[in-house]
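Residue numbers (the working numbering), protein chains in the order written: chain A, 1 to 205; chain B, 1001 to 1352.
One thing to keep in mind: the hints can contain errors.
As the list claims (entries may be wrong) - Beta-carbon label-pair distances, calculated as ranges:
(1) B/His1035 <-> A/Thr8: 42 to 52 Å
(2) B/His1324 <-> A/Gln161: 32 to 42 Å
(3) A/Asn139 <-> B/Asp1162: 52 to 62 Å
(4) A/Gln161 <-> B/Asp1074: 40 to 50 Å
(5) A/Ala123 <-> B/Leu1270: 30 to 40 Å
(6) A/Thr8 <-> B/Val1110: 52 to 62 Å
(7) A/Ala177 <-> B/Glu1327: 23 to 33 Å
(8) B/Asp1162 <-> A/Asn163: 51 to 61 Å
(9) B/Asp1115 <-> A/Leu156: 28 to 38 Å
(10) A/Met176 <-> B/Arg1125: 49 to 59 Å
(11) A/Val192 <-> B/Asn1309: 33 to 43 Å
Said to hold, decoys possible - Here are some of the chain B residues that sit facing chain A, going by a computed Cβ distance under 7 Å:
(12) Phe1030
(13) Asn1040
(14) Ser1041
(15) Trp1042
(16) Gly1072
Rather than coming from a laboratory, the hints here were simulated on the basis of the structure.
Since the model is a prediction, treat every value here as computed from it, not as a measurement.
C-beta: ideal position from N, C-alpha, C; glycine also.
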Amino acid sequence: MQQDGATTKITVLLIDDNQQRVLALQNALDKSRYDIVHSSAPRIGLVKLVDKLQPDLVIIDVESPSRDILSSLSTVSRFNPKPVVMFSDNHDTNTIDSSVRAGVTAYVAGHTDSNKIRPILDAAVASFGQTQALREELNSTKQALEKQDVISKAKLHLMQQQNLTEPDAYAMLRKMAMDSNQTIENLAKSLVVFWKQQSAGGNNG
Amino acid sequence: MADKLKIGYLGLNDAAPIIMAKELGIYSNFDLDVHLVRQNSWSTLRDRLHMGDIHAAHMLAPMPLASSLGLGCDSTDIFTPLVLSLNGNAITLSTTLLDEIKICNELDEVSLPLDASLLNNVISRRQSQNKDKLRLAHVFPFSCHYYQLLDWLKRGGINHHDIDFHVLPPRDMHFNLNNHIIDGYCVGGPWNAQAVRQGTGVTVATSCDIWGDAAEKVLGIHYDTYSSQPDVFQRLINALLEACDWLDTPAHRFDASVVLASSDYLNAPLDAVCPSLMGICLTQLGATSRDLPNYNIFGNRNNKLNIPNVVDAHTFATYMYSQHYIEALPSEQYLSHIYRSDLISKIALDLD
Chain A
1 MQQDGATTKI
11 TVLLIDDNQQ
21 RVLALQNALD
31 KSRYDIVHSS
41 APRIGLVKLV
51 DKLQPDLVII
61 DVESPSRDIL
71 SSLSTVSRFN
81 PKPVVMFSDN
91 HDTNTIDSSV
101 RAGVTAYVAG
111 HTDSNKIRPI
121 LDAAVASFGQ
131 TQALREELNS
141 TKQALEKQDV
151 ISKAKLHLMQ
161 QQNLTEPDAY
171 AMLRKMAMDS
181 NQTIENLAKS
191 LVVFWKQQSA
201 GGNNG
Chain B
1001 MADKLKIGYL
1011 GLNDAAPIIM
1021 AKELGIYSNF
1031 DLDVHLVRQN
1041 SWSTLRDRLH
1051 MGDIHAAHML
1061 APMPLASSLG
1071 LGCDSTDIFT
1081 PLVLSLNGNA
1091 ITLSTTLLDE
1101 IKICNELDEV
1111 SLPLDASLLN
1121 NVISRRQSQN
1131 KDKLRLAHVF
1141 PFSCHYYQLL
1151 DWLKRGGINH
1161 HDIDFHVLPP
1171 RDMHFNLNNH
1181 IIDGYCVGGP
1191 WNAQAVRQGT
1201 GVTVATSCDI
1211 WGDAAEKVLG
1221 IHYDTYSSQP
1231 DVFQRLINAL
1241 LEACDWLDTP
1251 AHRFDASVVL
1261 ASSDYLNAPL
1271 DAVCPSLMGI
1281 CLTQLGATSR
1291 DLPNYNIFGN
1301 RNNKLNIPNV
1311 VDAHTFATYM
1321 YSQHYIEALP
1331 SEQYLSHIYR
1341 SDLISKIALD
1351 LD
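Taking the hints into account, I'd like the entire structure generated from these sequences.
Right, dumping it as structure tokens:
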């Protein structure tokens, strides 16, 4: 999702049966960077629509039965999640705060006032971007740790088998990786798998 | 003064213990002032429970685990001390699909429960004609309905990749079936009987046929809410057990159906609500029904079936694992902290 000023359009999928609210929201967001596509009743077509449309944001009434259709969407396409904003007629700020903590990106309480809704959507888009960035950071840290782990395993095995020092074992891994034209991580992975198979099948030989 | 509690439920037959405890004044007998709130989706019911907006909820049995693991939501400490109902789901196919099954297999009649392997020829025919995959709906990504559909298909040797699965709200299932948007679904009552009454669906297998007696709905509670007043929740569990016992008497089932069908609760036709609660599975309009005394049960006299168990929890975890939602199976200790078997035993001892 790019956010370089008012020129980048943000596609919003609005799922709502309340025609009045749809019109109000369309008016409120007219001539803004939000481009509204509307869908009404709960049909399986909703999943296809989201696939086709790839909206940047989904807005739905918290009381809509279609929320469960979206639940399958967020679990199926975990790798490409969407920020979801909810309408609610509940004005209680505590409820809204705790809903946001419970995983909903943002709440729009009560009726759609053009002065209020834009900043809410802006905040939802921005906070979702931040959360996503944090998640990605966590994932890459996890991957980096796994990478270190497999290299350490291979190194340790070489040290024990060949009676090498740690720097020598690492140098050996690096040379083997370069000779076979692959990364140290990939080489270490294949070695670990190979040694595992060897020790499992050792009795048959 | 009675303690106030808000309980969320979905408009389904198996909400009966939660609803009847209110109607029969059982909550009041346990000094509880319970306010029931009907919800339109499992997702919103879950979010409300997570945020403490409702204090307890009628939940799909795999949901407390999904909440704890943070699947489709932020990880939240939800647990269950009580199984509210067992069985009650069924697979209903469109009459159009049933005709297709008969034609493709050169059969005049099919026997029930339907053997899913009969779908093989339908799938091949649709593939050779470049038609859409069969579309089957269930109610939630983490539901017994979905797992029962998968099991039924697997036993018939059907590859689940040959099926297009969808999530739909229970109340919208028959609309989508009537309009040929889906070919079949797995849902709880009254939405199977309703499609049969309308002549558009055929109920071909029930969850009892697929899983035997299995937990279907549980009482979900947030650990934080529970810890603040455990004695109130013990009384709630007691009250619900009494409602389950009341429902165990066949003579009470019709009275319960009348209450459930009313606009205060399910707002559904009585002739659709009643059959499964009376142990009858309607199959097809004009055809003989099946007698299934355990079609909808709410535990038994000694309440053994109301005790959550780790074996069920492990089954749910295995599905989540095989569908790559989790990277490893949770330990038995982890599961028994979510599916608590000790709270009912404690009560049973108190009552003795």
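Going down the list of hints, with the structure as the test:
At about 46 Å, the beta-carbon gap between B/His1035 and A/Thr8 stays in the expected band of 42 to 52 Å. Taking the beta carbon of each, B/His1324 and A/Gln161 are about 35 Å apart, inside 32 to 42 Å as hinted. Our hint of 52 to 62 Å for A/Asn139 and B/Asp1162 is violated, since their Cβ atoms are close to 32 Å apart. At about 46 Å, the CB distance of A/Gln161 to B/Asp1074 agrees with the hint of 40 to 50 Å.
At about 48 Å, the CB distance of A/Ala123 to B/Leu1270 disagrees with the hint of 30 to 40 Å. Between A/Thr8 and B/Val1110, the C-beta spacing of about 56 Å keeps the proposed range 52 to 62 Å intact. For the pair A/Ala177 and B/Glu1327, the beta carbons lie near 27 Å from each other, so the given range of 23 to 33 Å is met. Checking the proposed 51 to 61 Å range against B/Asp1162 and A/Asn163 shows it holds: the Cβ atoms sit about 56 Å from each other.
Our hint of 28 to 38 Å for B/Asp1115 and A/Leu156 is violated, since their Cβ atoms are close to 54 Å apart. At roughly 54 Å, the beta-carbon separation of A/Met176 and B/Arg1125 lies within the given 49 to 59 Å, and the hint holds. At about 39 Å, the beta-carbon gap between A/Val192 and B/Asn1309 stays in the expected band of 33 to 43 Å. Interface hint status for B/Phe1030: violated, as the beta-carbon distance to the closest one in chain A is roughly 28 Å, over 7 Å.
Taken as an interface hint, B/Asn1040 checks out: its beta carbon lies about 4 Å from the nearest beta carbon of chain A, inside 7 Å. For B/Ser1041, the interface hint holds, the least distance from its beta-carbon to any beta-carbon of chain A being 4 Å, beneath 7 Å. With 7 Å as the threshold, the beta carbon of B/Trp1042 comes within range of chain A, its nearest partner Cβ sitting at about 5 Å, so the hint holds. For the restraint placing B/Gly1072 at the interface with chain A, the shortest Cβ-Cβ distance is roughly 5 Å, inside the 7 Å limit, so the hint holds.
Violated hints for the displayed structure, listed by number in ascending order: 3, 5, 9 and 12.
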